[in-house]
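**Q** If you want the building blocks of each chain, they are given just below.
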Amino acid sequence: MAAHLKKRVYEEFTKVVQQQHEDLSTKKLRLTKPSKSAALHVDLCKATSPADALQYLLQFARKPVEVESVEGVVRILLEHYYKENDASVRLKIASLLGLLSKTAGFSPDCIMDDAINTLQNEKSHQVLAQLLDTLLVIGTKLPENPSVRMRLVEVACKHLTDSSHGVRNKCLQLIGCLGPVEKGVAKEVESQAAKDVQKIIGDHFNDQDPRVRTAAIKAMLQLHERGLKLQQAIYSQACKLLADDYEQVRSAAVQLIWVLSQLYPESIVPIPSSNEEIRLVDDAFGKICHMVSDGSWVVRVQAAKLLGSMQQVSSHFLEQTLDKKLMSDLRRKRTAHERAKELYSSGEFSSGRKWGDDAPKEEIDTGAVNLIESGACGAFVHGLEDEMYEVRIAAVEALCMLAQSSPSFAEKCLDFLVDMFNDEIEEVRLQSIHTMRKISNNITLREDQLDTVLAVLEDSSRDIREALHELLCCTNVSTKEGIHLALVELLKNLTKYPTDRESIWKSSSWHCVFFFNSPFSIDIAVLVLIFNAAKSCPTMPALFSDHTFRHYAYLRDSLSHLVPPLRLPGRKLVSSPVSPSITPHEDPSQQFLHQSLERVYNLQHLDPQGIQELLEFTIRDLQRLGELQSELAGMADFTATYLQCQLLLIKALQEKLWNVAAPLYLKQNALASAAAKQILEETYKMEFMYSGVESKQVVIIHHMRLQAKALQLIVTARTTRGVEPLFGMCEKFLQEVDSFQRCFISELSHMQGSFVDKLLDLMPRLVTSKPSEVVKILQTTLRQSTFLHLPLPEQLHRATANIIEPTGESDNPLRFTSGLVVALDVDATLEHVQDPQATVKVQVLYPDGQAQLIHPKPADFRNPGPGRHRLITQVYLSHTAWTEPCQIEVRLLLAYNSNRSKASSRIPKSTWSESLEALPSPENGIEGTIPFSKPVKVYIMPKPARR
Amino acid sequence: LSAFSLCPGAGQDVGRSCILVSIAGKNVMLDCGMHMGYNDDRRFPDFSYITQNGRLTDFLDCVIISHFHLDHCGALPYFSEMVGYDGPIYMTHPTKAICPILLEDYRKITVDKKGETNFFTSQMIKDCMKKVVAVHLHQTVQVDEELEIKAYYAGHVLGAAMFQIKVGCESVVYTGDYNMTPDRHLGAAWVDKCRPDLLITESTYATTIRDSKRCRERDFLKKVHETVERGGKVLIPVFALGRAQELCILLETFWERMNLKAPIYFSTGLTEKANHYYKLFITWTNQKIRKTFVQRNMFEFKHIKAFDRAFADNPGPMVVFATPGMLHAGQSLQIFRKWAGNEKNMVIMPGYCVQGTVGHKILSGQRKLEMEGRQILEVKMQVEYMSFSAHADAKGIMQLIRQAEPRNVLLVHGEAKKMEFLKQKIEQEFHVSCYMPANGETTTILTNPCIPVDISLGLLKRETAIGPVPDAKKPKLMHGTLLMKDNSFRLVCPEQALKELGLAEHQLRFTCRVHIQDPRKEHETVLRVYNHLKGVLKDYSVQHLPDGSITVESILIQATAHSEDQGTKVLLVSWTYQDEELGSYLTSLLKKGLPQSTA
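Protein chains in written order, with UniProt numbering: chain A, 1 to 947; chain B, 1 to 599.
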């Protein structure tokens, strides 16, 4: 009960604080400081037992403390600390000190001396460790103060001899984080403790406690991260740690060895028990390879991952990692890989029918067999066969990185990578397919390998198949039979999984040097393939038959993104005499784009009618250009939209209504307000639907929006009677102008003569004048303001979405019992959508006008390539019973939030749970959605439930 | 002290595993297997090796069974019920569940089919299983006060385990059969760095280094897939347990992955019961199955159905698993006869076939088989061989040795010639001694046991506090008195020891004279000595007392002039026996003389 009362007292204290908080700001500062500390002081004095005091401290820790009162609180805590006999309370106080010194804006150097003093008489190891932790926090808060750091390091060194592992741990951590990094500085501040941090830490590599050993290695790594060059002498010490009994030590040691191998790749180290010497990076590589068969899988993952980044290793070491000598009854046996290769090179196909096909051949000299792999031998063979898929994935990744930098290694690892296509875990299969795609320019697939690769085309997982299609896009195959095979398999795939059509066609744009004319010309995929091949092989078109040309014309039109432009004899399509590469195409159209924009910007002084016409033409031109040139589509659309806005604005201002008494032309002003509304919408589209929009553009867009809002205000002022509603609107508008100014203050200089520029000049007048005057001023400014140049960014892409499934072609209604749900598979490709997990939504429109917004799970988005996303999700539909089937519409929406605008600093990515909550309650941002895909109709039929 | 091991069976031989280990006075029997090749007394281990007279129960402290294969547990009912053993038998839970099924099957074949008498009965199997104590992985089981055992995962088959047997600080690890590479349903064997005195390991594949499992799996799947696509039928003769489940999982996942529709059948009987246990003991399987069983238990096969005799004549492609594995009798042979004539069909032998069986004949390329009744069967179907073995290869064995870091290795369960090679390799690469006893041979291994001594915390703290800062790189000398009393060892401080023993303390001092040539005055000599010592012994407190003597810690040094020769000074060094180390160091230091002073 007593405790409860005290709690109440405490709560009242805080309440007082908070009320004052809301009071005038000048008063707040003075009142908060004593009250906060006083509350704590009173509490701690009242505490009758350590448990009580602990309770108060715990409660205290839950509330934040203002920067101004931190020091006072710390003093009180310290005072109590000296009095306190109970270790647990001291521990809590020590941890609170750490927390408090983390407070933003508080500089903890004033409490450092006290914190160090507390260490002197402390007996409890736990409290000591906590105090050191606090010191660490203080030290990290004072990065600019080397003398403080030196002092802290000295303190830490003193406590390194403590018998408790916790204390030693913290000391090492502190030394690692605060130890002097630059040699020069250390000497100036020199005292005996500044000896050599590395040596001090290195001495603890042999500590009796594994936790301390780990901490020592981690401290060393920390030093490295902070920029200290580690000494090479540590290498031999680190190597010994690889044989440690404890996995965390080994794991850290592997990292340390890796760091050293990157620092001193070329130094020479001796091989123990022989006179030879090798490069350090090779030696380290061998050692890390050895760890790939460690007993602990954590270490194995670590080792496998690090292998990938050791690119300086010499090639024969690298190639050893794939080596595994097989034997059977002491006779040398060839691996399946070698057999396959041999069969292939001898031109036979594997019969595989003999028992003992793999019979061992020559005898092995027993002395020469080395059962424990020395160094790198077979590391990847082990890694790829590991029990834990984490290790296998790490090994595949490492393989990928190494193969990217070494073509010969890439060729060698191919067999193993192909084998991984049959792993039991899908992630591993996918990873290895991706890996092969990444190294595809270094490899040529043999026929037998291709065989295995193609077998995966039948995989039931769509991700795998699509990854494979992408792989096929960029793989070189050694023979024309191989291509034939691939084609046959692709066609088979097409019949088995018709949904793969899109993906397969894409993969058919496969540029191989081998041409293969065939009776397959009936199939589109083959044709697409042939045309693509023809692009890089100019002699091919001569072999085309007549109907091939006809198909070409058709396909080039219907599937223009897949079929490349070709130089066909007798076709005028090839206008440029230069080689038909992509670059020459870009220039003229880009030029055209810029020219037309220039034209628009320059001809400001045309009569209104002329401007309108010019704008209309330019918009039309731009739109057409966007359709023709996919690379420029984003740019063209973006500018077209902008011009469209301008056009709307001009049109709205040309309205006759402005000349007539307000109430009479209600109909006319519908057009103006509609225009304002549309401009607003378009500006949101411009801001959020394009990737690559820079702040320069954002200003212009916001400016346009501001104009639209001004227009809205004017229109409302004209149509509404009474002044009251206008007050609010005006104030809001002025606020917006204000915030515009604040956000884009740096850009204002570029906006001479613009609407906002003029408006800001008139601002003092606006603030004081009545709404009706404001409206008048706005109207004139709006008319007089010039048209702003829209600078184009380097790259601009419009976010697009294409719903592949449902196709909307089905006549079979999806039947389900009303009141229950039915799952509709939705499959869509998204291009150039930033952060789709947070922004892309699915909307379902029922015939009754009811709309449903669905947030797909983050896991439903895949990222097959840069700028591309794929949404494969299920949408749950439900409705009451209908009498007959009807169509619903499914479309994708892009949600935006003007708070998240690109101009203001980006809010850190919201977590999943946040994004899942609907989009309510933005304080001042405007939330909205932009439909960005064509709606697809789905035929559904909720049946009444049978009773 | 030493650990013995005796091999009544499975010395340099495969089958009939049975090893007797005596460790620090405890006797443990490891495995109790039968030999497949014999039908007489030789099929069981010769238990008379263990003890000629007296009951087995009195002699053995426990019996440990590593896994359910009959060559490791086949003689168990005979041993416990017919020879007579009532002590505890340890095995893992899955082994305990599956072992009686196999024993019962074995009994049926021997008694019911071959009509043998004097064999163990069903009741005996039941009674025997009552004596079994089941253990969990990594669970330390205290057999009695001193003997403890602990199981490690071994791969190989469901429930296979390696056992660590520990008495005091001596320990033995017995591997049973194990597999160091994971397969489709089981993980890899793992043991921690337990540093046993002896590692008893199987060595079936002592001279083989195997290729990656992936290639074999891929070949297998490819062959099956091609045949099925052609519309052919695939026959896979298997033994009911172990590999059969692996192949089932392999095909099942492949069917799932590739969306195949052809039916897969499994001949019923034993397998169904066993599959049930596989479903139950998910924790013993590999990572993939363990992780996915919440969604779906991999052993609840979707595509694999029970086989009916009539299905063999169904048209269209199918895959059938049938027992027994060597095509010598039973269902697999019946199906084989039906399908052999069609070249579209295929038979895949997933394991080794004994000479004389149909399996062996077709594998060695025979195309015309003489069946019973003088029938000639022409084999037109394709015959494939795929080896899926679940034993560790030479590399795997070495890897396990590396993991466990034993002091000695003993090879069992393999052929002598092959073991010889491995033995040589182990000795060469790990520098540990390796043994390979024959059946009935006893190996004695000397161990170097450490004896734990209790020390009071006070003494420990006091001793570590004395002297220079503890340095991990230097061993530290401690002083104390070892008390051996009532079978316990204690290290106590001398005072306490004296008190406990009721003895009075005697002071013991060593004194030593060192002659130094120094013509100077006594106190100057002392000063020089002082400065010298101070320079050399930085870590110790060296003091110059006002009465003209020097103390180094508690050692006293005094200097007097020699009575006859004033040029020679005599340094008297005196120390108590506790400071013997420092004292003798000091005298040797002083005997070297003082450095030539520059002054």
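Some clues are possibly wrong.
Stated by the list, open to error - Some chain B residues near chain A, calculated using beta-carbon distances under 8 Å:
#	residue
1	P182
2	R184
3	R296
4	K534
5	G548
None of these hints come from the bench; they were simulated from the model.
We treat Cβ as the ideally placed atom computed from N, Cα and C, and that holds for glycine.
**Q** Are the hints correct? Go through all of them and say.
**A** Results for each hint:
Evaluation of the P182 of chain B hint against chain A yields a held restraint, the C-beta minimum of about 4 Å falling below 8 Å. The restraint placing R184 of chain B at the interface with chain A holds, with a minimum CB-CB distance near 6 Å, inside the 8 Å limit. Of the supplied interface hints, the one on R296 of chain B is violated, with its beta-carbon coming no nearer than about 14 Å to a beta-carbon of chain A, more than 8 Å. Contact between K534 of chain B and chain A, as hinted, is not supported at the beta carbon level, the nearest pair being about 19 Å apart and thus beyond 8 Å.
Below 8 Å, beta-carbon pairs count as interface contacts, and G548 of chain B has none with chain A, the closest being about 34 Å; its hint is therefore violated.
Violation of the numbered hints given earlier is confined to hints 3, 4, 5; the remaining hints are satisfied by the structure.
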